[in-house]
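> Next come the chains, spelled out residue by residue.
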Amino acid sequence: MKTRLAAALVMLLAWPSWGGSSFDISAFRGPRMSELYYVVIRDTDAQLLAMETGKLDVLSDIYRPADVEKLAGSDKVEMSLASSFHGFFITFNVRKFPWDRAELRTAASMAMDRRRWTRDLFSGYAEPMTSFLPAVSPYCEPPEPRPQGVDAARRLLAEAGWTWNTKGALVSPEGREVPKTRVFCPPSSVAATTTEIAWMAADALSAIGAPAEAEPMDFQTMLARVDARDFDACTNAWGMSRDPDVLYSFYHSSMDVEGGYNLSGIADPELDAALLELRNAPDEASARTAAGRAQSLLAALMPVIPVYSRYSISAVRSDWDGIFATDRVTSDNLWTLLSMTPRGAGEADRPIYWNIPEEIRSLNPFVSSTTYDWTVLGTIYDSLISVNPYTFEDIPWLAESWSIDMGERGSVLTFTLREGLLWQDGRPLTAEDVRFSILYVKDAKIPRFYDSVRDVSEIEIIPPRTVRVFMSNTSYWHLHNIGGMIILPKHVLEKVEDWRTWQPARAPHADVDGLEITELVGSGPFVFRESRTGEYVRMTRNKHYMLEVGR
Amino acid sequence: MKEFTRRLCGSVAVLAVVLALNFVLFRVMPGDPLTGVMDPKFSPEAKRQLAAQWGLDKPMGEQFVLYVREMLSFRFGLSMMTGRPVWEEISSRVPNTVALLLPTLVLSAAIGIWLGVKAAVRRGSFTERLVLWGGALSFSFPSFFLQLVFLMCFAYAWPVFPLRGTTSIPPPAGEMASLIDYLWHLALPMTSLVLLSFGGWALYVRNMMVKALGEDYVLTARSRGLPERRIVWNHAFRSILPPVLTILLLSLPGVVSGAVMTETVFSLNGAGRFLLEAVNSHDYPSAGAAFFLLALITVLCNLAADALYNIV
Chain A
1 MKTRLAAALV MLLAWPSWGG SSFDISAFRG PRMSELYYVV IRDTDAQLLA METGKLDVLS
61 DIYRPADVEK LAGSDKVEMS LASSFHGFFI TFNVRKFPWD RAELRTAASM AMDRRRWTRD
121 LFSGYAEPMT SFLPAVSPYC EPPEPRPQGV DAARRLLAEA GWTWNTKGAL VSPEGREVPK
181 TRVFCPPSSV AATTTEIAWM AADALSAIGA PAEAEPMDFQ TMLARVDARD FDACTNAWGM
241 SRDPDVLYSF YHSSMDVEGG YNLSGIADPE LDAALLELRN APDEASARTA AGRAQSLLAA
301 LMPVIPVYSR YSISAVRSDW DGIFATDRVT SDNLWTLLSM TPRGAGEADR PIYWNIPEEI
361 RSLNPFVSST TYDWTVLGTI YDSLISVNPY TFEDIPWLAE SWSIDMGERG SVLTFTLREG
421 LLWQDGRPLT AEDVRFSILY VKDAKIPRFY DSVRDVSEIE IIPPRTVRVF MSNTSYWHLH
481 NIGGMIILPK HVLEKVEDWR TWQPARAPHA DVDGLEITEL VGSGPFVFRE SRTGEYVRMT
541 RNKHYMLEVG R
Chain B
1 MKEFTRRLCG SVAVLAVVLA LNFVLFRVMP GDPLTGVMDP KFSPEAKRQL AAQWGLDKPM
61 GEQFVLYVRE MLSFRFGLSM MTGRPVWEEI SSRVPNTVAL LLPTLVLSAA IGIWLGVKAA
121 VRRGSFTERL VLWGGALSFS FPSFFLQLVF LMCFAYAWPV FPLRGTTSIP PPAGEMASLI
181 DYLWHLALPM TSLVLLSFGG WALYVRNMMV KALGEDYVLT ARSRGLPERR IVWNHAFRSI
241 LPPVLTILLL SLPGVVSGAV MTETVFSLNG AGRFLLEAVN SHDYPSAGAA FFLLALITVL
301 CNLAADALYN IV
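Going line by line, the protein sequences match chains A and B. FYI, this note's numbering numbers position 78 of the first sequence as 78, with every residue one higher than the one before it. FYI, this note's numbering numbers position 59 of the second sequence as 59, with every residue one higher than the one before it.
Treat the hints with care, since some could be wrong.
[Claimed, not checked] Ranges of calculated distance between the beta carbons of each label pair, as one might list FRET restraints:
| hint | chain 1 | residue 1 | chain 2 | residue 2 | range |
| --- | --- | --- | --- | --- | --- |
| 1 | A | Ala228 | B | Glu175 | 51 to 61 Å |
| 2 | A | Ala66 | B | Val65 | 50 to 60 Å |
| 3 | A | Ser34 | B | Leu303 | 50 to 60 Å |
| 4 | A | Gly239 | B | Pro103 | 37 to 47 Å |
| 5 | A | Ser34 | B | Asp39 | 26 to 36 Å |
| 6 | B | Leu303 | A | Glu52 | 48 to 58 Å |
| 7 | A | Pro187 | B | Leu25 | 13 to 23 Å |
| 8 | A | Glu516 | B | Val68 | 35 to 45 Å |
| 9 | B | Gly61 | A | Asp513 | 50 to 60 Å |
| 10 | A | Glu516 | B | Ala307 | 41 to 51 Å |
| 11 | B | Val68 | A | Pro187 | 48 to 58 Å |
| 12 | B | Tyr309 | A | Glu516 | 48 to 58 Å |
| 13 | B | Val106 | A | Pro508 | 33 to 43 Å |
Everything labelled a hint here was simulated from the structure, so no lab data went into it. Beta carbons are placed, not taken as given, at the ideal position from N, Cα and C, and that holds for glycine.
Next up, chain A with everything else stripped away, as it sits in the complex (with noise of 0.2 Å):
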């Protein structure tokens, strides 16, 4: 069966016509269908049995072992697998001894076998973790490899003047036996790989004579207690993003604050000064080498132990053409959807089953949080620019050209839109909707996009078709966090009473092809039409889409 699933992989990453870092999106035309469904399937079985049967042509993250093999057994099913963003880490409290001590963090990850624990706990559908960005990520730098085992790591430790006592003990140089550390981490009712890993992790400590063990706990009670810093060690996931300028939040000493992600307490002016270097980084080049730079650093210093990075997997329904993967981008995505068709000559227009496995929550794109939520607005909404499904590397979208400059006092992005663009009610999407939409949410002081905007001081038109965003520092990122917000049209948004109560989904709004739709107006391929809670989310094709056949 994974025979066959790496076979399905291949088969999509040899695509003929959109393979490459060339990546054109002049060649795709669609949406194709004119229905698609959003439907609430929760329980992961009920998933794979509505997969087989055919009320569901797509569902995503797919993780348990056995579920992927059983699906990948299927004929009526086509897998795809990729690296992801995600990131699993065991994080030390180095505020304390002894992990305030360098050696023994590095020792400690020696002894961690990470390839036999992803092995062994995910049936090799994760991969160890080499640096403290997934490898998908294209500033990932995997520092020089260490001699692993525990052997190794008591080594170290020796070398650098720890010893043992009789019981065993690690006792560091100055004479203080090491205490028992204890790794918290999820009850395995919630997380049951966490769990294990956190018992790996125990065992390995202890086998280098730290004694360890793992503490599962409620999780808010492990979140509350870890964000209060007290906690000797603690298992963490996340879920990154393309920028490496998270590293800035994980392990900058100012972020070290209540509400702040550096957990690990680390503090090092060498690091502090590389990750602001990462974060005002002017252009990419200097972002390549600050984020490197920090890697290293970090390799050193190793607040956190990278352990591994699940893959993402998905699964379509093998009678539909036009499915879209790469390495690093599941079949899951908008260009799939805006591709597939059913398999088959003349077979008619039907519509799209997509599974989201929980409810959507607020279809308000000021307040939505959820990754469900967004998987619907994403359809509906557009930003300025986009991501190759290959590199990583920004490609045009709403945009057809940027550029990003220095100006007196710091970054300017100028960004030029494509001509003809439209709403999905039939207006025009001009420069205008987009400084709206990027002074709404910095006036508004919107929490969601606070990060992204705080640093526009002021935005100007070049008329017919182009808005130059002015920032108050200097930094690469700025492309990425205005190009990649959502543009909406002025037209609805200075009619919001309130951002915090809007349901746009609710509010009527215009009639488009005879049919009433509602404030949630975008510019994305697929109109918003209907929600029914705990049910399904149903969308038609945009007429109007800028990438429309035949437009």
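Knowing the structure of chain A, use the given hints to seat chain B on it.
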């Protein structure tokens, strides 16, 4: 009347305590709504903005006054999870839960009571052994397992029932077709729940009836030559009716609070999962409102049970 007034005052006091505890307990529990925001793209400053958005930056006293005002006016405020009014969230889910669990309760109680009485009347017979074994099995069977087996059998291998939800996609046109579609979707979860819950009733009623049938007044009734059916239902069963009614009425809050596992397996949009998610995400207004309403229903059912005691 005096007794009823005394009980009514006691109920109001209980509700006041629940109201206060709902506020305090959720806030002293580990974590808060912000702890759950595990997104490194949210700077500490953005998290402070989020706290302000939810009114968590206000002094605790002010938060309490606002909370009490929202609860007593039955507005309940806005859900932190969805941004919609909590009342709207709850009222959109409770009908599904009640439509599933009320008939389940009535059916399982009716079947269980009938079987329990039959088993008690036919002591030592095959019927009694069957009820005892069946009841124990029903009472102790893990719900998710039976429900998954149901899905496998009746929605996959022999697909006569739907896999998920309370409506077909797309929904059928017309009110009658929608109603039939709705009942068709509830059939599998309801059948599984009845199978899982009739056993408790059967065992309880059987035990009570065995005791009642051994009482002197039953012997007297028999010696007077009354028909067996009348002895069983009018004398023995009537004597166990008060505790049975109490259990039935105290099961009603459960009808509103939902069945989390069933809602998960059959992807039903019910109150149970909403309550669970509200507690897990520290959605103070939703969790507070849900527990307040449950306490209110429990108190009302208690009062109703007291009143019914006097009638039966």
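> With reference to the structure, classify each hint as holding or not holding.
Structure-based check of all given hints:
no.	hint	result
1	Ala228/A / Glu175/B: 51 to 61 Å	holds, 55 Å
2	Ala66/A / Val65/B: 50 to 60 Å	holds, 53 Å
3	Ser34/A / Leu303/B: 50 to 60 Å	holds, 56 Å
4	Gly239/A / Pro103/B: 37 to 47 Å	holds, 42 Å
5	Ser34/A / Asp39/B: 26 to 36 Å	holds, 35 Å
6	Leu303/B / Glu52/A: 48 to 58 Å	holds, 51 Å
7	Pro187/A / Leu25/B: 13 to 23 Å	holds, 21 Å
8	Glu516/A / Val68/B: 35 to 45 Å	holds, 40 Å
9	Gly61/B / Asp513/A: 50 to 60 Å	holds, 54 Å
10	Glu516/A / Ala307/B: 41 to 51 Å	holds, 49 Å
11	Val68/B / Pro187/A: 48 to 58 Å	violated, 35 Å
12	Tyr309/B / Glu516/A: 48 to 58 Å	holds, 54 Å
13	Val106/B / Pro508/A: 33 to 43 Å	holds, 40 Å
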